[in-house]
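Fit chain B to the given chain Y structure using the hints.
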Amino acid sequence: MVADVMKAAGLLFLVVVVQLSIIANVEILGGHPNLVLVTLVSVALLRGATFGAVAGFSAGLLADTGVFGTLGFTALLLTLAGYWTGRYGETTGRDRAHAPLLSIAVITVLYQISALILRFMLGAHAPAGPIFAALVPTVLLNLLLTVPMYALSRRLLRPREWVPREVRLLG
Amino acid sequence: MPRHRSVSAVLGSSASRPRPQPFPSRKRSNLRRRLVVGGLVLVSLVLITISFREPATGVEHGIQSAGATVLRPFEVAAERVARPFRDVYGYFAGLVHVKRENERLKEEISKLRQQALQGGTAQDQLERLQELMQFIDSPQFPKDYEQVSTRIISFDSEFDQRVVIAAGSDHGVREETPVVTRGGLVGSVTQVAGSVAQVTLLTDEGSAVQARDQDTNAIGLVRHGQGKGSLILDDVTKDKRVEQGDIIVTAGTRSGQYPSLFPRGIPIGVVTFVGQSDTSLYKQIQIDPFVDFSSLDAVTALITRKRIPQAP
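Protein chains in written order, with my numbering: chain Y, -18 to 152; chain B, 57 to 368.
If you are wondering where the hints come from, they were derived from the structure by calculation, not from laboratory data. Incorrect hints may have been included.
Unchecked claim - Label-pair restraints from in silico Cβ distances:
| id | chain 1 | residue 1 | chain 2 | residue 2 | range |
| --- | --- | --- | --- | --- | --- |
| 1 | Y | 121 | B | 146 | 19 to 25 Å |
| 2 | B | 200 | Y | 135 | 33 to 39 Å |
| 3 | B | 164 | Y | 10 | 39 to 45 Å |
| 4 | Y | 125 | B | 285 | 21 to 27 Å |
Claimed, not checked - Under 7 Å between C-beta atoms, here's a sample of chain Y residues computed to sit facing chain B:
| id | residue |
| --- | --- |
| 5 | 12 |
| 6 | 31 |
| 7 | 49 |
Cβ atoms here follow ideal geometry from the backbone N, Cα and C, with glycine treated the same way.
Just chain Y, with the same shape it has in the complex:
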């Protein structure tokens, strides 16, 4: 467990630094890839909801600190992203090959929309038009990043053996 925490912390720290310093300024076809979200989704799928939520909170806090952003903003969004992805991984998504791609597509859309709503609620600049216009390319870019990032995360955090639960039949 401690080894998992250390590996995930190291990976997310590196990814946050790369995101803030390099990837945040990358724009391809109007889309903005989010390496932190992709890595978090991979980690949460492999290690579950609680691990995902804590990892999301820590990565978000680090990202907010790095850009002098509103402290807690990214942390809140990534906590929920990590939790929901983790729950999906623990339940229906388990052992499904398409789970990482499906998760990242859904979480990217939810993340962007939630960020927009939260910003609007906080009275910050919330340009809905450009965000919706960039949604499809952003999802595609994140899907492209998912393949190598999930493979890397899987290599670092080996999938747990799922023990089949005892099933009691009625009657």
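Just chain B, lined up with the frame of chain Y:
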């Protein structure tokens, strides 16, 4: 027990069935999971609230500044690793327009050479006259400013037009310090820590700069435009003259709504469109900024020791 039973037979059966007992460990784990995520959400909301309510000198901002300072070496290292790749990309991207741009620049150089000669003479004359009249002035760009050249180490999300630079209060950078490139005005410092500072770009929703047309002296407010990275010159009444191709520079005056005072004469951009409608009080003026905000790399913070006059 019969193998095929009807639904009604099953539901109507009086056979008592034991209540399903949840596995205790599973129940505990569910509770723990919910407590953890609930706690984290609560902490995030508290942090957001403090972020908004606390002054810039508060504890949370102090912790954030310390965190940003700790992150700085890692961000600088990542940026250095990425720089050669970015340069290669920039080189090939630049090749596409290089021929057309070369012709335009040659024309511009000959025009600017003439202007520089005239400007130099006028500047000498102005300085002599100001000395004779004992004219009191605010800090002049660039002679009254020290230049702290630094690098951008991180970029904000696509929502905000903000960057973090690798120079802070240790290097003399303060809030409202103007930041420029060789091209022109980039923005101003909005938050400072020891060795890093946050710069809000001119293209941000919250930025506005008093500017004037260098050729006609028409004064207006430069704000972000409709497209990403585009700017407009707002609040220019219809009686003022502004033409396509005019150069827009900072006015060096202070607006009540936007108190940031930039030094006079920093280039901002060139007018690309001027229009007006019957219903609007002001002209519609679009500006093409001199600075390419999408590929910012190194910037210069302008620091003055001279006192900036405060409006009463």
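Taking the hints in turn, this is what the structure says about them:
Distance hint for residue 121 (chain Y) and residue 146 (chain B): a CB-CB separation of about 24 Å, consistent with the stated range 19 to 25 Å. The hinted range of 33 to 39 Å is not satisfied by residue 200 (chain B) and residue 135 (chain Y), whose Cβ atoms lie roughly 58 Å apart. The supplied range of 39 to 45 Å is broken by residue 164 (chain B) and residue 10 (chain Y), whose beta-carbon atoms lie about 32 Å from each other. At about 25 Å, the CB distance of residue 125 (chain Y) to residue 285 (chain B) agrees with the hint of 21 to 27 Å.
For residue 12 (chain Y), the suggested interface contact is broken, since its CB lies about 9 Å from the closest CB of chain B, more than 7 Å. The beta carbon of residue 31 (chain Y) comes within 5 Å of a beta carbon in chain B, closer than 7 Å, and the hint placing it at the interface holds. The beta carbon of residue 49 (chain Y) is positioned within 7 Å of a beta carbon in chain B (closest approach about 4 Å), and the interface hint is therefore held.
Violated hints, listed in ascending order, are 2, 3, 5; each of the other numbered hints is respected by the structure.
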